[in-house]
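With the hints as extra help, turn the sequences into a complete structure.
Line order of the protein sequences matches chains A and B.
The numbering of the first sequence is my numbering, which starts it at 417 and goes up by one.
The numbering of the second sequence is my numbering, which starts it at 41 and goes up by one.
Calculated from the structure, these hints are not laboratory results.
Mixed in with the good hints, there may be bad ones.
[Stated by the list, open to error] Across the chosen pairs, the derived CB separations fall in these ranges: (1) B/I186 <-> A/S462: 23 to 31 Å; (2) B/W143 <-> A/E465: 52 to 60 Å; (3) A/H513 <-> B/E126: 49 to 57 Å; (4) B/L156 <-> A/S462: 39 to 47 Å; (5) A/H513 <-> B/L189: 21 to 29 Å; (6) B/L189 <-> A/L562: 50 to 58 Å; (7) A/L428 <-> B/E126: 30 to 38 Å; (8) A/G551 <-> B/N183: 15 to 23 Å; (9) B/W125 <-> A/F563: 51 to 59 Å.
By construction, the Cβ of each residue, glycine as well, lies at the ideal position given by its N, Cα and C atoms.
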Amino acid sequence: MNKTILFILLLLILFLSFSSQEASAQIPTRLRVIEASNVGVTIDPSLKELHGQLSSLFKYTSYRLLRDERLHLSLNQTTTLPVYPERTIEITPLKFHANTAELRVKIKREKTEILDTQVRLPPGRTVLIGGPKHGEGVVILAFSSLF
Amino acid sequence: MRKDCSSLSTLLDKYFDGETSQREQEAVETHLKECPACQERLKFMSEIEGAFRRPVLEALEKETFPWLWEKIEREIRSKPRETLWESIKRWFEITPFLKKRIWIPATVVVTLLILLISPPLFKKNSSHLPLPVVKYIESKTNNVMIYELENGKVTVIWLFEESEAESSPS
Numbered sequence: 417m418n419k420t421i422l423f424i425l426l427l428l429i430l431f432l433s434f435s436s437q438e439a440s441a442q443i444p445t446r447l448r449v450i451e452a453s454n455v456g457v458t459i460d461p462s463l464k465e466l467h468g469q470l471s472s473l474f475k476y477t478s479y480r481l482l483r484d485e486r487l488h489l490s491l492n493q494t495t496t497l498p499v500y501p502e503r504t505i506e507i508t509p510l511k512f513h514a515n516t517a518e519l520r521v522k523i524k525r526e527k528t529e530i531l532d533t534q535v536r537l538p539p540g541r542t543v544l545i546g547g548p549k550h551g552e553g554v555v556i557l558a559f560s561s562l563f
Numbered sequence: 041m042r043k044d045c046s047s048l049s050t051l052l053d054k055y056f057d058g059e060t061s062q063r064e065q066e067a068v069e070t071h072l073k074e075c076p077a078c079q080e081r082l083k084f085m086s087e088i089e090g091a092f093r094r095p096v097l098e099a100l101e102k103e104t105f106p107w108l109w110e111k112i113e114r115e116i117r118s119k120p121r122e123t124l125w126e127s128i129k130r131w132f133e134i135t136p137f138l139k140k141r142i143w144i145p146a147t148v149v150v151t152l153l154i155l156l157i158s159p160p161l162f163k164k165n166s167s168h169l170p171l172p173v174v175k176y177i178e179s180k181t182n183n184v185m186i187y188e189l190e191n192g193k194v195t196v197i198w199l200f201e202e203s204e205a206e207s208s209p210s
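Here it is in C-alpha cells:
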C-alpha cells in the first residue's frame with residue numbers, strides 16, 4: 417500500500433481517537449452518604465471539609481458518614497447503589513461537556529421513584545440531596561465532582 | 041640600434057599589432073627602411089607570433105563550429121512552446137519539497153490540527169453563562185425544595201417526607 421495512504425489513515429485514526437476521547441471519558445465523582453441527626457454532637461472527621469457548609473445549611477448537631485464512594489462514571493451507563501434506608505440511587509451521566517458533567521439522578525424506594533432530577537456538576541461543585549428519614553435523623557447524599 | 045630606435049620602440053609594437061595611425065605608420069616605415077636592427081626586431085616579432093598563432097589557428101580550423109550551431113538551432117526549433125499549465129507543472133516538479141509529494145500528508149495534518157484546535161477556540165466560555173445546577177427535577181411522591189449556598193459551591197435538593205417539615209434546611 418502506498419506510504420501516503422498509510423500515513424493519512426494513521427492520521428485519521430489519531431483524529432478519531434481524539435474526537436472520541438471526550439465521549440468515552442470517565443467522570444470521576446464522589447458520593448458520600450451522610451446521616452444527619454440531633455442525637456449528640458458528633459462530626460465525622462472525614463466530613464471536616466463539608467462540615468462548614470453542612471452546618472450553615474442545616475440545624476443538625478451530628479453528622480455521620482455512612483458511605484463514601486469514589487465513582488468513575490461512564491457516559492450513558494447507569495450506576496445503581498443502595499442507600500440507607502432501603503432506597504437505591506441510580507446515577508446516569510448524560511453529558512460531559514466544557515468540563516461539566518450532566519448527571520441524571522433517580523432515587524427509588526422499593527420500586528417507587530421518589531426523585532428524578534438532572535443536575536450539572538462543574539468542577540468543585542457539590543450537590544446535596546437530603547430528606548429521606550433514617551433513624552433519628554435524615555440521610556443526605558453529597559455528590560462532588562473530582563475533575 | 042640607433043639613437044631614435046628607442047623612441048620608436050613603442051611605436052614598433054603598435055605597428056606590429058596594426059594599431060598605429062596613418063602618420064605613425066609612415067614614420068615607422070620610413071625608419072624601418074634605414075634601420076636593419078629594427079627590421080630584424082620586427083622579423084623576430086613576426087616569428088614569435090607565428091609560433092603561437094599557428095597551432096591556435098590549426099585547432100580552430102579543425103573545430104566544427106557550424107555543426108554545433110546547427111545542432112543548437114535544430115533543438116530550439118524542435119522543442120514545442122511551453123503552455124502556462126506546463127510551466128506551472130514544471131515549477132512544481134522542480135521544487136524539491138513538492139516533488140516529494142509531502143504536501144498531501146502535510147495538508148491533511150494542517151487540516152486535522154485546525155479541526156482539533158479550533159473548536160475550543162470558538163467555544164463560548166461557559167464560566168460566564170449562569171447555567172443552573174439543577175436542570176430539571178420531579179417527584180411524584182414528595183415535595184421538593186432547591187436551595188443554593190451563596191458561595192455557589194453547594195446546591196441542596198431537599199426531599200420532604202411526611203411530617204418532616206421541622207427537619208428541613210434552616
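ask   = Hint numbers the structure violates, sorted upward?
value = 6
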